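Engineer: Protein chains in written order, with this note's numbering: chain Z, 1 to 453; chain S, 1 to 453; chain H, 1 to 453; chain U, 1 to 113; chain R, 1 to 113; chain E, 1 to 113.
Just so you know, these hints were derived from the structure itself, not from any lab. Values in this document were obtained by computation on a predicted structure and should not be read as measured data. Keep in mind that the hints are not guaranteed to be accurate.
Listed below are the simulated DSBU-like cross-link pairs for lysine-lysine, each with C-alpha atoms no more than 30 Å apart in a straight line [to be verified]:
| hint | chain 1 | residue 1 | chain 2 | residue 2 |
| --- | --- | --- | --- | --- |
| 1 | Z | Lys410 | Z | Lys222 |
| 2 | Z | Lys115 | Z | Lys224 |
| 3 | Z | Lys291 | U | Lys38 |
| 4 | R | Lys66 | Z | Lys338 |
| 5 | H | Lys188 | H | Lys36 |
| 6 | R | Lys66 | U | Lys66 |
| 7 | Z | Lys291 | S | Lys222 |
| 8 | S | Lys338 | S | Lys224 |
| 9 | R | Lys17 | Z | Lys224 |
| 10 | S | Lys36 | S | Lys115 |
| 11 | E | Lys66 | H | Lys224 |
| 12 | U | Lys75 | R | Lys26 |
| 13 | U | Lys38 | U | Lys17 |
To give a feel for the contact side, a few chain Z residues facing chain U, derived at Cβ under 8 Å [claimed, not checked]:
| hint | residue |
| --- | --- |
| 14 | Thr124 |
| 15 | Phe159 |
| 16 | Arg223 |
| 17 | Arg230 |
| 18 | Pro231 |
| 19 | Ile287 |
| 20 | Lys291 |
| 21 | Thr293 |
| 22 | Leu295 |
| 23 | Asp348 |
C-beta atoms are modelled at their ideal positions from N, C-alpha and C, and glycine is treated no differently.
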Amino acid sequence: MTKQPLRTITTTTLVSLLAALSVNAYAQGSAPPPAKIDTGDTAWMLTSSALVLLMTPALALFYGGMVRAKNILNMLMKSFIAMSVVTVLWVIVGYSLAFAQGTPFIGGLSWLGLKGVGLDPQATYAATFPHQAHMVYQLMFAIITPALISGAIAERMKFSTYVVFIAIWSIVVYTPLAHMVWGLEGTKGFLAEKGALDFAGGTVVHISSGISALVMVILLGKRKDTSDSRPHNLPMTLIGTGLLWFGWFGFNGGSASASNGLAASAFVVTHIAAATAALSWVIVEWIAYKKPTALGFASGAVAGLVAITPASGYVGTTAALIIGAVVSPVCFNAIKLKSKLGYDDTLDVFGVHGVGGTLGALLTGLLCSKAINSTGADASATQFGIQALGAGVAIGYSAIMTFIIGSVLKVTMGLRVTEEDEIVGLDLSEHGEAGYAEVGSGEEGHSAFGGVH
Amino acid sequence: MTKQPLRTITTTTLVSLLAALSVNAYAQGSAPPPAKIDTGDTAWMLTSSALVLLMTPALALFYGGMVRAKNILNMLMKSFIAMSVVTVLWVIVGYSLAFAQGTPFIGGLSWLGLKGVGLDPQATYAATFPHQAHMVYQLMFAIITPALISGAIAERMKFSTYVVFIAIWSIVVYTPLAHMVWGLEGTKGFLAEKGALDFAGGTVVHISSGISALVMVILLGKRKDTSDSRPHNLPMTLIGTGLLWFGWFGFNGGSASASNGLAASAFVVTHIAAATAALSWVIVEWIAYKKPTALGFASGAVAGLVAITPASGYVGTTAALIIGAVVSPVCFNAIKLKSKLGYDDTLDVFGVHGVGGTLGALLTGLLCSKAINSTGADASATQFGIQALGAGVAIGYSAIMTFIIGSVLKVTMGLRVTEEDEIVGLDLSEHGEAGYAEVGSGEEGHSAFGGVH
Amino acid sequence: MTKQPLRTITTTTLVSLLAALSVNAYAQGSAPPPAKIDTGDTAWMLTSSALVLLMTPALALFYGGMVRAKNILNMLMKSFIAMSVVTVLWVIVGYSLAFAQGTPFIGGLSWLGLKGVGLDPQATYAATFPHQAHMVYQLMFAIITPALISGAIAERMKFSTYVVFIAIWSIVVYTPLAHMVWGLEGTKGFLAEKGALDFAGGTVVHISSGISALVMVILLGKRKDTSDSRPHNLPMTLIGTGLLWFGWFGFNGGSASASNGLAASAFVVTHIAAATAALSWVIVEWIAYKKPTALGFASGAVAGLVAITPASGYVGTTAALIIGAVVSPVCFNAIKLKSKLGYDDTLDVFGVHGVGGTLGALLTGLLCSKAINSTGADASATQFGIQALGAGVAIGYSAIMTFIIGSVLKVTMGLRVTEEDEIVGLDLSEHGEAGYAEVGSGEEGHSAFGGVH
Amino acid sequence: MIKVEALIRPQKLEDVKSALADLGIKGMTVTEVRGAGKQKGYTQHYRGAEYTVNLLQKVKVEIVVKDEDAHALAKAIAEAARTGEVGDGKIFLIPVAEVIRIRTGEEGDIAIS
Amino acid sequence: MIKVEALIRPQKLEDVKSALADLGIKGMTVTEVRGAGKQKGYTQHYRGAEYTVNLLQKVKVEIVVKDEDAHALAKAIAEAARTGEVGDGKIFLIPVAEVIRIRTGEEGDIAIS
Amino acid sequence: MIKVEALIRPQKLEDVKSALADLGIKGMTVTEVRGAGKQKGYTQHYRGAEYTVNLLQKVKVEIVVKDEDAHALAKAIAEAARTGEVGDGKIFLIPVAEVIRIRTGEEGDIAIS
Ligand SMILES: Nc1ncnc2c1ncn2[C@@H]1O[C@H](COP(=O)(O)OP(=O)(O)O)[C@@H](O)[C@H]1O
Ligand SMILES: Nc1ncnc2c1ncn2[C@@H]1O[C@H](COP(=O)(O)OP(=O)(O)O)[C@@H](O)[C@H]1O
Ligand SMILES: Nc1ncnc2c1ncn2[C@@H]1O[C@H](COP(=O)(O)OP(=O)(O)O)[C@@H](O)[C@H]1O
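Input sequences plus hints: build the corresponding full structure.
Structural biologist: Now the structure itself:
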């Protein structure tokens, strides 16, 4: 913060020198002063990290409400377990591969085991707050991304294979993509270098997970029995939606890496896009089916949040209205593809995250402005092209790698539970638990259906 | 932080230099320098905005748990849809009408479409943080206020009419009231000018919604079948209560528009009043019915939060204990009015928000102190009078305008669903969805009761 | 922020004087300047306070999901009521007894009724933020601690006795322990003086509640009917887990009393330990029972959060991995004790909080490092001994005092509800309410089972 | 003895209970069920997938009475449960061979008195 | 008349409904129940406490028809509900003495037509 | 054959299941129901509105057995389900005309063996 002015006065008189002295001691010396922690930026980054962590349980609820009761715990666990698996990997190797100095395609190993990732600021990523805060903030993104895929493969994928899948995927798909887009230490990431804009993860998070979801769904095949696959608990889905919306303020707002005007701008456009997209989904549905649904609201809100994500640090409020208004009709129709093309993307991860994320990445190129963020770009055909390149790379890379990982797992561990286990439900067959052990109002509350041993 | 002075000193003499150095640059010059963003204040305002946004889903849960299962989604949607409708209106016109320079009764149009509402601080409302952060923070208040009304008209009001109602109400009732109380740009708002104290919305939020709720309930008439209208899911109501409490720290704490002692004070008294009111409600009930209920706790907590809202920036901890202790018995008895007077305020919005908000506004006049907030007032008969004026204006204005809006909608769109739809439940009839599609423990989890087409 | 350099130059020449002037006026005088509020630290402390408050509703959900439906409201209420009871006591007397200057064993009465606890910083506890923020932050800890005990005595303890119990326990057990460990004003607390490290409450919060839980369980005796005591709603337990994890960032991160590197470090190790412990519990279970359960994940996450709590400000990321990996197998086995020894600790408060808290306190002595926190200690046999002393004191003191309080209440008010009430369920018998009033999918949603009068 | 088994609309249960009280009948067993018949169902949409729900919520009321009381009881229930719209439900009279009161072991008419 | 009372697997309900539709039968009442029999149950673990659940989810379908139609109906349901694995369920035929349609008060065969 | 239909207290189900196991009976169907009778109900308050709940949670156990086994079975259930307090419940014996095992199509006694 104090570097700029200090640099400008080095040629002035004694007087100015005095002033310079008056601020901090290290200005006197010749060596560049150690960066200083700004408590406000730190507070905002820690708060944002907590908010983004919360998004994973929120996603669990959002998804959980939509599956059948017999699979509720499995659905929740597929999000929660990502909090564990990805964290351990990230600390050991993931953060280094994503953010340490390396090649344009993947980071190096200098930050392995978080060596050198300390409590002081780090010039490239965390100029005014502890480097570890950046590490943990980015970890939260790394957690939710594979968890997003779980909605697509719901109600049939083996839990053990899923755990192995997200572990490999996190290293093989997520970290290189994150590096290409966000890697700035030393050699810039390939897409960063090209000038692709992705403020908070349109390509890294949503395109990658949405495309991978589609690939996995094709490898897995359809669920056995979908004669009635209505959501078992839509209020749960709405709680999840509310918490996702809340957490997304950290996801996009925190991506400013500071508590400043840009953070506020990202916060504001995030809210506007979510609100507008929820409304536009409800309207589309109202027209199509004569009834505005709660699930439609939830779907629209999430679609809006997805689409604004890459744009959130580069566009203004009018652009946010546009993105919100456009994304819902697009995703609404994308979802219809699945009955036409015959793949069973249980909770429409491709339709919402894959399509919504791609749309957001592209629209960023048409709506971005340096008036919002001087380190961004102004809308142009060129920028649109760069955005398309970024999206294309994310699509291609995720699709190919996920296909390879999924195929290997299919022939080794197997991807699906048995048909019997699927009919019984994954809670009982995979976890030996029931989500709701009791029937009845609980007035005398005795569950009639079990015995202890 | 230190840039301003350094930049300005290069052309001055030694003497003014000293003076300038000693405080801040703009003291010397004629043109006021651009205000500077404080990262801590910004972090707190963004965090508070997120917290207040969360209150709307929290309210949805609080209300949702109290209705019958057949109306759960409709109840949730009546809160969630406000996040969309009010946001779009606020961005286009609402913020300007509430906060731009205008008359004492309503703001002007200078900030239409958020023109000029940027990322720099704004002297009147956002001295040390981005103007947009103030805009979005206030938006969250504008969202929850009409949503509060939904509890009163629950289980019978048409969704389409409701959406139109809150859209009109938000512009016609909310923005003028917000302007009268909080409008400070150029010409002060009428009630602000009079010195009416309403730190975080006792009049603007709670009185306005509580009174409007009562008017709508009278226009609507009673529900058809209330032979058993017990809450279908009180744990949901308690989750909502917990999240409301949590979010209210942003509602009141953020109203300090800074991260300072006043924010802490508002935070603390908010907590104390909620805790005390919950306890006093439970005690009143324990005495009256021999049983302390969970719904009583929830009701008391919310009543306490409502009552402390106008006072939160002007009173100390002892006053908070008093407000908390007093509000619950008052609201507890106010609720009984409905069976006496025969109106059907489904979830007691008038009894809790209308009465609790009015009480809080009045008690502010008896308990406020400049020792807490030098820009406030000391308790006095005069201040009490001013508070009564503020409450009176809010009551009168809301009642009249809501009566007009409601009456027009009654004869045009119609306020109620058909009796058959009401009996079937609004989830099915208005949204074509079921909140809980499955019966049973989910152990083998197949829903017996539907077929896909 | 700029004080340090200023202080060092006060004895220098005119040049230095000018510099002094340039920052703030009070530097010129002789009296020590009043401490200044740092907006970033304040924002983080308020945010952390809100996060810790949220942990009590989160705990209610975590516990609530595990009991039978007939006891759900009672379970929730046993957490929520602590928010009221402890708050009122804390404001009147608790804060003073815990933190005001006093003896090594308990604080004095100088801050009774929060006298002198104002909006300015306080040198010992709140150097850069309002003293009231420290007060309310610590209050949130005081609330959740007795609420933790409620999991052990679930499904049978009388609500009235419970309320009296936590009121007494809060004053008699919690405040002295808090003072011994964290009391620093004037005479240091006995354990603080000895150098016992407990960053965020391993001894004060978890050991005290875990041990007291065990004592109460023995005094209470077993539940009458546990033939089927399966959790009635595990998704609720998982929501609670997610919110606890989220809130714990404030619990441990806020314990740095600043928004700085230490706060970030505590945040990071908290996350790592929770994630690792959840994983290690799931693995242990996978091996033991061939199935990884959702309840196991939840249990492990909480065990990890408990164990890292005392260590969180003194250890690095590798230590966090170790603590997380170790605590789950230990607690997993500790839980088995209850069937062997025959006590009925309903939700394993002793097994998770008592054992996990003790383990964390001890491991702190083996893993702490001054590289993380210069005010801490380096790992050593001596430090381990001091940690053992701290844990021992907490165990001994809690056990004895809880035994006395519990025994007196047993002979006076009685600890248990009647057997009939226990079978009917505590919701109906103690609160006159039902958690879930309706059976059925709510499609036409009419509850068949009640009549209004 | 006869078991009178009535399938009624949920919202009519209160009226039926009153009618039973008028007849001095206290004992009954109630179950939540789903019924299909002439009454038409509802359409639901979830992200565009259409479901038709034609099993509608009903309540089953079972009352065992002496043979001679059964018909009158059935008539009374029918009257109380009637709205006149399709979907009002059915009443079945089912022979019961024996009744035992668990508490006392009593058998026969006395067990249900 | 006869009440055909079938206990079937939940996932077979749709097939049974189709079979009934083919027979032109519209009226039925469905209840969620739990059944024990030869089919083996499941083991659950909660923090190490083991529960064996041997009451498994089933659906009870009740249809009252004329005496002469009962057996054929039962056969049709059995066919539709069959998987061949243990746990397919049972069908009971229970005599019904009288039927009343609540809406109209009609009695006898006409009440269920 | 006879359907033994027992209405019991929920917390007595485990005891009844044990008693059945002792008799070598494995097949049964269980439903959650609500019952009214002599047992008194509960009062609830919601923000001052008073509700009296007099339909209390019970469990219905249905077992179809050969005619000759029915009475002994009923006695055994009654004994296992008894607490001696009002509200213990009733057992009804209902004639069954025919039984079919869905899996095999077997009819008669063999279908329930
Ligand atoms: N043949 C039947 N067997 C069993 N239950 C039936 C039968 N016919 C109707 N029901 C039950 O009666 C209810 C009402 O029947 P429906 O034909 O819709 O109206 P209504 O009885 O007024 O003619 C159904 O929902 C179902 O529960
Ligand atoms: N004797 C019986 N009385 C009542 N219901 C029975 C009886 N025997 C079986 N059932 C019901 O039939 C279901 C299937 O029975 P089961 O013995 O498991 O398989 P299957 O009928 O294929 O031999 C049980 O779950 C139960 O609901
Ligand atoms: N006439 C009846 N018809 C059907 N069910 C009955 C009848 N009388 C009692 N029941 C059932 O038996 C249960 C217990 O009856 P109640 O009169 O309370 O106690 P008890 O059987 O000990 O005298 C009731 O809750 C109800 O489910």
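Engineer: Each hint should be assessed against the structure and marked as holding or not.
Structural biologist: Hint-by-hint comparison with the structure:
1. Z:Lys410 / Z:Lys222: holds, 15 Å
2. Z:Lys115 / Z:Lys224: Status violated; Cα separation ~48 Å.
3. Z:Lys291 / U:Lys38: Holds, at about 25 Å.
4. R:Lys66 / Z:Lys338: violated, 46 Å
5. H:Lys188 / H:Lys36: holds, 24 Å
6. R:Lys66 / U:Lys66: holds, 25 Å
7. Z:Lys291 / S:Lys222: Roughly 25 Å between the alpha carbons, so the hint for Lys291 of chain Z and Lys222 of chain S holds.
8. S:Lys338 / S:Lys224: holds, 16 Å
9. R:Lys17 / Z:Lys224: holds, 19 Å
10. S:Lys36 / S:Lys115: holds, 20 Å
11. E:Lys66 / H:Lys224: violated, 37 Å
12. U:Lys75 / R:Lys26: holds, 24 Å
13. U:Lys38 / U:Lys17: Satisfied, since the Cα-Cα distance of roughly 25 Å is no more than 30 Å.
14. Thr124: violated, 42 Å
15. Phe159: violated, 25 Å
16. Arg223: violated, 13 Å
17. Arg230: holds, 6 Å
18. Pro231: OK, holds: Pro231 of chain Z within 8 Å of chain U, min 6 Å.
19. Ile287: Violated. Min distance 12 Å.
20. Lys291: holds, 7 Å
21. Thr293: Where the cut-off is 8 Å and the nearest Cβ of chain U is about 6 Å from Thr293 of chain Z, the hint holds.
22. Leu295: holds, 6 Å
23. Asp348: With Cβ-Cβ at 6 Å, under 8 Å, it holds.
Hint compliance for this structure: hints 2, 4, 11, 14, 15, 16 and 19 are not met, and every other hint is.
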